[in-house]
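Trainee: For reference, the chains in residue letters:
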Amino acid sequence: MAVVTTSKKACAVNPLKMSQPIGGAFAFMGLREAMPLLHGSQGCTSFGLTLFVRHFKEAVPLQTTAMTEVTTVLGGYENLEQAILNIFLRAKPKIIGICSTGVTETNGDDVDAYIKLIRDKHPQLARLPLVFVSTPDFKDAFQDGWEKAVSRMVEVLVDTPAVEALRDPARVNVLPGCHLTPGDLDELRIILEDFGLQPSFLPDLAASLDGHVPDEFTPTTIGGIGVDEVAVMAGAGWTIAIGSQMRRAAEAMQAKTGVPFRLFERLSGLLPSDEFIAFLSEISGRPVPTKYRRQRGQLADAMLDTHFHIGGRRLAIGAEPDLLFDLSSMLHDMGVQVIAAVTTTRSTVLERVPTDEVRIGDLEDLEELAKSKGCDLLITHSHGRQAAARLKIPFYRAGFPMFDRLGAGHHKSVGYRGTRDLIFAIANLVIEDREQNHGPTPDTWRISNLPSAACRRSFKDRTERPIA
Amino acid sequence: MSSLPATVRDIFNEPGCAQNRSKLENERRKGCTKQLQPGSAAGGCAFDGAKIALQPFTDVAHLVHGPISCEGNSWDNRGSVSSGSDLWRTGFTTDMNETDVVFGGEKRLFKAIKQIVDKCDPPAIFVYQTCVPAMIGDDIGAVCKAATRKFGKPVIPVNSPGFVGSKNLGNKLAGEALLEHVIGTQEPDYTTPYDINLIGEYNLSGELWQVKPLFDELGIRILSCISGDGKFREVASSHRARAAMMVCSRSMINVARKMRERYEIPFFEGSFYGIQDSSDSLREIARLLVERGAPGHMIERTEAVIAREEALARAAIEPYKPRFKGKKALLITGGVKSWSIVAALQEAGLELVGTSVKKSTKEDKERIRELTGQDAHMIEDMPPREMYKILKDAKADIMLSGGKSQFVALKAAMPWLDINQERCHAYMGYLGMIKLVEEIDRSLFNPMWKQLRRPAPWIEPARAIGQMHSPAAASISDPAIDKTERRAKKICVCNTVDLGTIEDAIYSHGLTSVEAVRQHTNAIGGCCKRRIEDILQSSPPPVLQAAE
Ligand code: SF4
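Residue numbers (the numbering used here), protein chains in the order written: chain D, 1 to 468; chain P, 1 to 548.
Just so you know, these hints were derived from the structure itself, not from any lab. Think of the CB as a built atom: it goes at the ideal place given N, C-alpha and C, for glycine as much as any other residue. Some clues are possibly wrong.
[Stated by the list, open to error] With beta-carbon atoms standing in for the labels, derived distance ranges:
id, chain 1, residue 1, chain 2, residue 2, range
1, D, E78, P, R260, 40 to 46 Å
2, P, G402, D, K371, 33 to 39 Å
3, D, E229, P, A456, 23 to 29 Å
4, D, G211, P, Y263, 48 to 54 Å
5, D, D443, P, A456, 56 to 62 Å
6, P, R149, D, V4, 36 to 42 Å
7, P, D216, D, G407, 39 to 45 Å
8, D, L304, P, W449, 41 to 47 Å
9, D, R294, P, G402, 45 to 51 Å
10, D, G226, P, W449, 29 to 35 Å
[Unchecked claim] Listed below are several chain D residues computed to face chain P (Cβ distance under 10 Å; list not exhaustive):
id, residue
11, E81
12, A83
13, F88
14, T106
15, P219
[To be verified] Okay, derived cross-link-like pairs now, DSS-like style, lysine-lysine, Cα gap no bigger than 30 Å in a straight line:
id, chain 1, residue 1, chain 2, residue 2
16, P, K258, P, K212
17, P, K395, P, K358
18, P, K327, P, K404
19, D, K9, P, K145
20, P, K119, D, K9
21, P, K389, P, K450
22, P, K395, P, K435
23, P, K325, P, K395
24, P, K389, P, K358
25, P, K107, P, K231
26, P, K365, P, K325
27, D, K94, P, K392
28, P, K395, P, K327
29, P, K404, D, K139
30, P, K111, D, K371
31, P, K435, D, K57
32, P, K119, D, K373
33, P, K114, D, K371
34, P, K389, P, K321
35, P, K490, P, K529
36, D, K57, P, K395
37, P, K328, P, K358
38, P, K327, D, K57
39, P, K404, D, K57
40, P, K150, D, K8
Using the sequences plus the hints, can you model the full thing?
Mentor: Next comes the structure, spelled out in structure tokens:
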């Protein structure tokens, strides 16, 4: 049972958090032929764009209403109108997803009202869905932006079923949290299909940002779930929501369509995977395929092999709530001690992170905690690289952004296979660190005989000092 | 401190700007930034520009006043390099929340400054203004003044809210902040007649360090580089330099011009991209220094270094020229790079399909005209779709551009090279030129391209089905065809004997040795000796089994 605290600093140092509007825009990137649009000054969009491009190494569609000092004073109606018309003409998208920013929220732009006006004035837009989400960046964080955007998509894009409409039990809606990578979605799709189920992911980043070479150039998203496919989600037998952030969207789906949902707060690790597979077997009415019996065995063996190396490690982890909960719980199950945990925003799962305290803070907090508490494994996004270098402890990159290594979109942590690969990767890092930095010396025995783990950390200092 | 609108007006009125000089009085004020098009705009904001210009000062703390988007989404994303302090890589932001927006963020800002002073004690703190605090009226100038007094160290306001304009405007706003609050506030420990300032050089990928050895050799001291690998003290005492070189004309011309006015430091515009430019720049620096009192032999020494370096570079590039013959490049960049890289490419023997001039001045364009001999190569604005088409249709063999358009090239399965901010190779100076050519070669001739451009063979299933009815397949199902085909195969390269002839000879004469086969046929028994041995061993010959 963790206590959730908030950093009291006036100045965030080395932010862990990213802004809410780009979290919202990210969700729209999982729709086919979509154009996410930030209602704000162009800098916010440019930064967001750079961030996504550096992470995925992919072309990313993202537009701006290009508010200037003058238009900010006058209100953003005209810029929004022009932006929508411009995008409609040039990019010919199937949907425009609009997220507000700090600039337009401070001003109090009433975007919903603007959209009504724009629709009245331009009948040619009648069939173009315009989904607006309010995402001021002086509130909440990336994950919240995603959560709100997906909820809005459900509310706006899913059709209400006709009374006598039949549901197809083989069809499943999947609402993935933003902590899942395109690689995770691919893995889930395979698993679901192996049970004879037909999944629709909302949003579906796998087809849009999984890094493939398309046949043609498009200014909008190159893949993702189509607006028409979202509309018929009411016909599915179940909704599976992944990550507690998706509860709201799942509830909205149920309220609108009556489709029951099951929320999986985490999908990394043996027990969560067992639960997931059992559930699929249940709703599909099929036995678990041999493939998964084998994968389960492999994971079990991987756990046996890796626990020597990961077990007992003192983990410092910084991530958005759902990812934090997922990874730290899985590693806790592997015998890791979760010592320092820092996150970006509030969430119901934080209290259940297996540690004493979860701090809403920045990477400086994480670094200081890791240092003072003698952590010997660091997990966070790429911005943690400086801290890791200073702490001189093994560093596993997880989450967004991951700009200094390749293949971020294909990282996998869900299911038996995903967990297996993940724990191997972490264990190998630990082994490598031990080989490189902690080889035995004539004095090693003195250190390893020291009583507490905290003392182990200052190994270096001790060996360098003469032993009195 | 002058008001922001006044500063912006002043910047647009820049007399040092070549493009501006040709304009009418009232047009100048409007500046050259085109009206932004909502829904089709790209590029950073003024804050972005200010941060780019100043962040390479390595020993100061850069504090961004605003909600999380400005710094949280962007920190740790620049390729500048430091030879000393790492403080510049730390992201500091006030991360304003809703309460701050309602009640004002000045208090939080002041506390943030205090927190930084307490923890890091840097020689100075740069405070960047962003949109939201500017809208709610936070006066960062006043806060910085109070903090300077309270903490006894320079706290410098950089008034650059994103929405006042483009990245380029932000560069200049950063320059104004330096002029107003930093330059001339300290004195250097000593001066030499060889002290220069570099303005608008950011030491991306450590590029500056490729040129610096030449400076060192000539005894030229970089008193201050604004701002690559710069220190606060250096820029504060930069007003004692004898001459200045402006490396990127777009970014901080206001700094160069005002320093000339205030401190009589002459400057010129130059670049270190390409052999010719590097030489020109060195020459110009030497000339200016001599003009300002350095001994005359400086010029000869410089010429000697230039001659040596040019010869080395030319010799290193020579072998690439035949490889590049007929290869065409598309250049999408802006400002001086649009011509300095053109010059570099031409030196290496590449052809140019086009270069973008969207962000170039009239003089830049003049230079391109000089280099390419025509206007046709200048591209005002090219939508990505068109770039893609040019590449996909192989009208260009390689694209050089900034990171954001890389996928246009890569997804067309065409070579691409990063020549902007985020690149990881240094292309400056003579060495850089060689590196650029090496990289282009590596990219153009990577064997990967051939594999990628080839469609998967199974993409047309008809072909596989077709194969089922091919002669080869038919022969397997028809033993007669099989026999003739098999027997017609030549077994030997030195002669034209076919398998059938040899088998017949062996069978009809009951031969048992290569020697005997040699006598009965035209086979020489050279390279075919092994084959004949094999045939002799498989007795009776398989063909007869099949025939019986
Ligand atoms: S446009 Fe304004 S709010 Fe957006 S990143 Fe730039 S300074 Fe920040």
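Trainee: All the hints need checking, so say for each whether the structure fits it.
Mentor: Going through the hints against the structure:
no.: 1; hint: D:E78 to P:R260: 40 to 46 Å; verdict: holds, 42 Å
no.: 2; hint: P:G402 to D:K371: 33 to 39 Å; verdict: holds, 38 Å
no.: 3; hint: D:E229 to P:A456: 23 to 29 Å; verdict: holds, 27 Å
no.: 4; hint: D:G211 to P:Y263: 48 to 54 Å; verdict: holds, 52 Å
no.: 5; hint: D:D443 to P:A456: 56 to 62 Å; verdict: holds, 60 Å
no.: 6; hint: P:R149 to D:V4: 36 to 42 Å; verdict: holds, 39 Å
no.: 7; hint: P:D216 to D:G407: 39 to 45 Å; verdict: holds, 41 Å
no.: 8; hint: D:L304 to P:W449: 41 to 47 Å; verdict: holds, 45 Å
no.: 9; hint: D:R294 to P:G402: 45 to 51 Å; verdict: holds, 47 Å
no.: 10; hint: D:G226 to P:W449: 29 to 35 Å; verdict: holds, 33 Å
no.: 11; hint: E81; verdict: holds, 8 Å
no.: 12; hint: A83; verdict: holds, 3 Å
no.: 13; hint: F88; verdict: holds, 8 Å
no.: 14; hint: T106; verdict: holds, 5 Å
no.: 15; hint: P219; verdict: holds, 7 Å
no.: 16; hint: P:K258 to P:K212; verdict: holds, 26 Å
no.: 17; hint: P:K395 to P:K358; verdict: holds, 21 Å
no.: 18; hint: P:K327 to P:K404; verdict: holds, 24 Å
no.: 19; hint: D:K9 to P:K145; verdict: holds, 22 Å
no.: 20; hint: P:K119 to D:K9; verdict: holds, 12 Å
no.: 21; hint: P:K389 to P:K450; verdict: holds, 18 Å
no.: 22; hint: P:K395 to P:K435; verdict: holds, 25 Å
no.: 23; hint: P:K325 to P:K395; verdict: holds, 15 Å
no.: 24; hint: P:K389 to P:K358; verdict: holds, 19 Å
no.: 25; hint: P:K107 to P:K231; verdict: holds, 28 Å
no.: 26; hint: P:K365 to P:K325; verdict: holds, 25 Å
no.: 27; hint: D:K94 to P:K392; verdict: holds, 25 Å
no.: 28; hint: P:K395 to P:K327; verdict: holds, 10 Å
no.: 29; hint: P:K404 to D:K139; verdict: holds, 29 Å
no.: 30; hint: P:K111 to D:K371; verdict: holds, 25 Å
no.: 31; hint: P:K435 to D:K57; verdict: holds, 24 Å
no.: 32; hint: P:K119 to D:K373; verdict: holds, 20 Å
no.: 33; hint: P:K114 to D:K371; verdict: holds, 23 Å
no.: 34; hint: P:K389 to P:K321; verdict: holds, 27 Å
no.: 35; hint: P:K490 to P:K529; verdict: holds, 13 Å
no.: 36; hint: D:K57 to P:K395; verdict: holds, 25 Å
no.: 37; hint: P:K328 to P:K358; verdict: holds, 21 Å
no.: 38; hint: P:K327 to D:K57; verdict: holds, 27 Å
no.: 39; hint: P:K404 to D:K57; verdict: holds, 10 Å
no.: 40; hint: P:K150 to D:K8; verdict: holds, 22 Å
Violated hints for the displayed structure: none, as all numbered hints are satisfied.
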